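Chemist: So you can see what is in the structure, the chains are spelled out below.
2 protein chains.
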Amino acid sequence: MTPHPFSIKLDQTSVVPLNEQLTKALQEEIRHRLQPDDRLPASRILAECLGISRNTVTAAYKRLVDEGWCDARVGSGTCVAEHLPLRERRDPRTGRPPIETAGLPELSERAQLALCAAQFHVQTEEPLAVAAPDYDSLPGKKWTQIVARISKSPWMHNSYCHPGGWGPFRRVLADHLRSARGISCDPEQIIITSGIQQGLALCAQILFNPGDAVAHEDPGFEVHRSTLRYWGLRPAPVPVDAEGLCVEQLSAFPEVRGVLVTPSHQYPLGMLMSRQRREALIRWASAHKAWIIEDDYDNELSYAGLPTTALAAIAEIQSSVVYLGSFSKMIYPGFGLGYLVAPKSAAKAFEGAKLLSDRHESEVHQTILTEFISGGFYDAHVRRLKVLYAKRRNAAIRAIGRFLGDIGHLTIDNQGTHLCFCFEKALDDVHLADYLRREHRLETRALSPCFADAPKEYGLILGFAGFSEVQLENAVEELSRGIRSFLRTSN
Amino acid sequence: MTPHPFSIKLDQTSVVPLNEQLTKALQEEIRHRLQPDDRLPASRILAECLGISRNTVTAAYKRLVDEGWCDARVGSGTCVAEHLPLRERRDPRTGRPPIETAGLPELSERAQLALCAAQFHVQTEEPLAVAAPDYDSLPGKKWTQIVARISKSPWMHNSYCHPGGWGPFRRVLADHLRSARGISCDPEQIIITSGIQQGLALCAQILFNPGDAVAHEDPGFEVHRSTLRYWGLRPAPVPVDAEGLCVEQLSAFPEVRGVLVTPSHQYPLGMLMSRQRREALIRWASAHKAWIIEDDYDNELSYAGLPTTALAAIAEIQSSVVYLGSFSKMIYPGFGLGYLVAPKSAAKAFEGAKLLSDRHESEVHQTILTEFISGGFYDAHVRRLKVLYAKRRNAAIRAIGRFLGDIGHLTIDNQGTHLCFCFEKALDDVHLADYLRREHRLETRALSPCFADAPKEYGLILGFAGFSEVQLENAVEELSRGIRSFLRTSN
Chain A
1 MTPHPFSIKL DQTSVVPLNE QLTKALQEEI RHRLQPDDRL PASRILAECL GISRNTVTAA
61 YKRLVDEGWC DARVGSGTCV AEHLPLRERR DPRTGRPPIE TAGLPELSER AQLALCAAQF
121 HVQTEEPLAV AAPDYDSLPG KKWTQIVARI SKSPWMHNSY CHPGGWGPFR RVLADHLRSA
181 RGISCDPEQI IITSGIQQGL ALCAQILFNP GDAVAHEDPG FEVHRSTLRY WGLRPAPVPV
241 DAEGLCVEQL SAFPEVRGVL VTPSHQYPLG MLMSRQRREA LIRWASAHKA WIIEDDYDNE
301 LSYAGLPTTA LAAIAEIQSS VVYLGSFSKM IYPGFGLGYL VAPKSAAKAF EGAKLLSDRH
361 ESEVHQTILT EFISGGFYDA HVRRLKVLYA KRRNAAIRAI GRFLGDIGHL TIDNQGTHLC
421 FCFEKALDDV HLADYLRREH RLETRALSPC FADAPKEYGL ILGFAGFSEV QLENAVEELS
481 RGIRSFLRTS N
Chain B
1 MTPHPFSIKL DQTSVVPLNE QLTKALQEEI RHRLQPDDRL PASRILAECL GISRNTVTAA
61 YKRLVDEGWC DARVGSGTCV AEHLPLRERR DPRTGRPPIE TAGLPELSER AQLALCAAQF
121 HVQTEEPLAV AAPDYDSLPG KKWTQIVARI SKSPWMHNSY CHPGGWGPFR RVLADHLRSA
181 RGISCDPEQI IITSGIQQGL ALCAQILFNP GDAVAHEDPG FEVHRSTLRY WGLRPAPVPV
241 DAEGLCVEQL SAFPEVRGVL VTPSHQYPLG MLMSRQRREA LIRWASAHKA WIIEDDYDNE
301 LSYAGLPTTA LAAIAEIQSS VVYLGSFSKM IYPGFGLGYL VAPKSAAKAF EGAKLLSDRH
361 ESEVHQTILT EFISGGFYDA HVRRLKVLYA KRRNAAIRAI GRFLGDIGHL TIDNQGTHLC
421 FCFEKALDDV HLADYLRREH RLETRALSPC FADAPKEYGL ILGFAGFSEV QLENAVEELS
481 RGIRSFLRTS N
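Chains A and B, in that order, give the protein sequences.
When we follow the UniProt record's numbering, the leftmost residue of the first sequence carries the number 1, and every step to the right adds one.
When we follow the UniProt record's numbering, the leftmost residue of the second sequence carries the number 1, and every step to the right adds one.
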């Protein structure tokens, strides 16, 4: 059977090329009207029928053959294929069975760890969410001006970027780190990342071999613990006290090859690592030839004067410190840009790791931040936010004292965008946080999962940066209602 | 010695908080004028001298103690520390030695592979660079309108994004993939990545265990080979011929657990994988319970009618195919956004891997593309680019025939943004490409490093998409001069 004229309609005025239109139309014919082995009309004839060039028909036929819709048979032209492309196999008309599959391939062992990590709850922007920055002052007029201007000439930065980062951005960041954090480094030591998380992943890959033990603060950010495990490392939990990581307890893990710390603002409890501990940590790292990974996630938001000196600012030991920084707290997390400062000896390896991980960060974003920082707008932005957030923080603290003072207390801190509220009694904070989310539209994070093994404290991590003083007061009042009704229900 | 009045000047009108100003000023005093054990004035006295609140002085003193500049001694107030913060140790005045370091910690074994990869040359935008997209039509007026508008309300998308991607973007992409590539998938199967490279890295982590052999096309993209090795896998090179990967040669590696292919446009040679080979590959994967990683890096730029059907479009075997897509060729590489389509059974694990790798992609960028695609602008953009690039491609082919026809030939392809020119004779194309870059300001890539072992071909990979027809003609003429002068010099 050679069915024609086809019911093919081509649109000569369409922007869709004719051979594209024709190929699609022929596929429709094959799918719905033709049988295997049916012969398509000779290209010359179809071209005449449709009033188009023969080349167009030839191109469409060739494509049908390449894609398996048709066979080109010597002597008999183009015929509908005996076996239609596999995705057509389910066609009820033909009823042919699919290719036998011997079962699914298996995922890696690591996939199981990824699967667990995927359960991590990403907060919405309901009150008390930790990461939400301020909506009104962020990102500010200067910011949108720069973004809008750069978006009009993106071809200036549209090619593949150097894996380490865009040169001018790395230079501006080196200057910024020198004045803001006392860190002396060459631009080549800075690797532009998508944020702290990628920085940590790159450290896990470049600094350690699979099976190595890496110490971390207990409690700490649970995703970071999963990260170490995902990259084949053994997390070694070390307790913290009011002065930060209990360095002397590192001796419980003599084989540890590195340590991950948040010295400026311990996550989640909030304290500052004391000078004595910092020196002890550096001595320990030096004696054990171990790496220090300094997670400085909210370094600029210090409410008690200048930010503390970074570990990485201590020149003599820079060789063992990898410093992780981020713009998530100061610009916004959705922007997704951060950096790491590697020791000189390791910078090139980090560059390669970035190339092999995801090639490079968006150069457009780097351009935007370069202008924002070098124009002085970033520093002004930081000062503005510190004033704003300090007020909000105070409002949150006042409200917590008023509404929740009888059932718990805040841990001591003076930095960042969140507070940590600890309950006086053990309490199922994981279910509480779920309940608050569901029934009271409040986004809190449970404290107990931050502990590696048995939790020593129960509480809630509360973000204040993204909400006005009035919102915070209302949210804390609602939180008090929520907690009390949860306590009643669970008793 | 209690030196005062200090030469401290505070600016009450400055936006810098007074305690910040004071802390800085005191650090200057300590650095330049005071000696260890010198006592700072009582806070009440200094406050009176400077006309500021005593709390401000107390806060500054506390910070100096926390940071190690001073010691708080019971009975004698605040004194300059015996040991200044470590970064001050090099102060020529004190001449104290730094903490003894026992030597550098070691990098991981993997770091060596990263170091090699870091040598990969990132092209500048000189003529014949492969990735540079068109500067005039890209990204177009609609694009800049959308970006500018979204940049004015980024607080709509400023929080942490779901690691798998922004919901509306995943839905729009699922629709797009259905109509453009015949791929039927749920939005939840799509993981937003920064591009093909991250997609491959995630596959390497989630699909395979360290030590697994993974087949790849030989020649292929050298960075991808390094990527497999970096993630602990054993790359198994399989030759290609005019029909693509020689599937029957996979039997040389019976233990292979997966295969990485570029079926729509083999990189670097350019051919389309034939239907027979596609079916054979699918049968092989099914029989061996192996994964297929489909790298579809430039799928939309097909110049001979419709793009070919994706392997991932074949519903019955979707369970073993992971599809990697990118917007680098259609939007621009600096934008840095791509995606992967995972089998349903693996999607959650990929989500977790993304979380543990770099948490999420920029939600702002996802928002921009969502509007661009769902508004129909993306399809129009693709059609416009195809017309433009087809002309440029023809111009490049003509010029190559005219100026280089006597020393080599182009490989057969009909897609994408680059051409592959092979020399008739063996030739040191790596040094040639360096020479062309240095002496003729031409960005070409050598073909021979694409081969896993001994190169079977020598040539140059030439990008045409980013240059006008006149530029291309001139560049190819310059290329001809460059190659001939290189040949003379090297003989």
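FYI, nobody ran anything at the bench for these hints, they're computed from the structure.
Check before you lean on any hint, since a few could be wrong.
Which copy is meant is left open, so a pair is good if it fits within one copy or across any two.
Straight line, CA to CA, 30 Å or less: simulated DSSO-like cross-link-like pairs of lysine-lysine [claimed, not checked]:
id, residue 1, residue 2
1, K142, K152
2, K9, K344
3, K391, K62
4, K24, K142
5, K152, K141
6, K344, K141
7, K386, K344
8, K391, K289
9, K425, K344
10, K62, K142
11, K289, K24
12, K391, K141
13, K289, K425
14, K62, K386
15, K386, K425
16, K391, K152
17, K152, K456
Please read these numbers as outputs of a predicted model, since none were measured by experiment.
Chemist: Could you work out which of the previously given hints the structure breaks and list their numbers from low to high?
Modeler: Structure breaks hints 2, 6, 7, 8, 9, 10, 11, 13, 15, 17.
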